[in-house]
Amino acid sequence: AQSVTQLGSHVSVSEGALVLLRCNYSSSVPPYLFWYVQYPNQGLQLLLKYTSAATLVKGINGFEAEFKKSETSFHLTKPSAHMSDAAEYFCAVSDETARQLTFGSGTQLTVLP
Amino acid sequence: KAGVTQTPRYLIKTRGQQVTLSCSPISGHRSVSWYQQTPGQGLQFLFEYFSETQRNKGNFPGRFSGRQFSNSRSEMNVSTLELGDSALYLCASSLGSGADTQYFGPGTRLTVL
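These protein sequence lines map, in sequence, to chains F and E. With our numbering as the guide, the letters of the first sequence map in order to residues 230 to 342. With our numbering as the guide, the letters of the second sequence map in order to residues 526 to 638.
Just chain F, with the same shape it has in the complex (with noise of 0.2 Å):
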């Protein structure tokens, strides 16, 4: 079975600052994992996706997120907070077999001025 664990449902960051958003996964087979963008009574938007290429993976927006298997993580990151970044983050597995998404709690994130 595979879960992921997102931790921090909440976090702050002030304009300008680094964005750091958690994940963790379990999954007993080699995993595709993704995050996910949410804004206020929208869909979920693709940011990026690790399918076993490079280990650091580079979306939209400015964020990119490094699989790390030893440390079965998968973490998000911006350089820079923008106040448009203000919006819920998923992150999700699958895998060849599932091919479902497992998706974390997600991490609301909130950029102050």
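One or more hints might be untrue.
What the hints assert, rightly or not - Chain F side only, calculated, beta carbon under 8 Å to chain E, not exhaustive:
1) Val240
2) Ser241
3) Tyr261
4) Arg328
5) Leu330
Since the hints were derived computationally from the structure, they do not count as laboratory data. Built from N, CA and C at the ideal position, the CB exists for glycine as well.
With the hints as your guide, set chain E onto chain F.
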């Protein structure tokens, strides 16, 4: 390409009624997955259809059912609605493998009174 569309966007029903939600995937996508999002349980997988066949199912009661048509459009039905069924129902489409990105629609907000 047009994105994933879901209709209706908002629904209000009373306990005991049934409801049907519709999802039109991105052109060329043969896989459609459904997820339920609630504040308490987060994002949970309901089921996935691929080429008109249910390929994967989550841990939901039999009141939740779905189907997929030959044009890949999908419907989800919930019978005998309960208050706890109030949620945002999200549909996602993809090409069908575990590594493929699932593209989400805006969701249908169901309120059960």
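Now for the hints, and whether the structure bears them out:
1. Val240: violated (17 Å)
2. Ser241: The hint is violated - Ser241/F has no Cβ within 8 Å of chain E, the shortest such distance being about 20 Å.
3. Tyr261: For Tyr261/F, the interface hint holds, since the closest Cβ of chain E sits about 5 Å away, which is under 8 Å.
4. Arg328: holds (5 Å)
5. Leu330: holds (6 Å)
When held up to the earlier numbered hints, the structure conflicts with 1 and 2 and fits the remainder.
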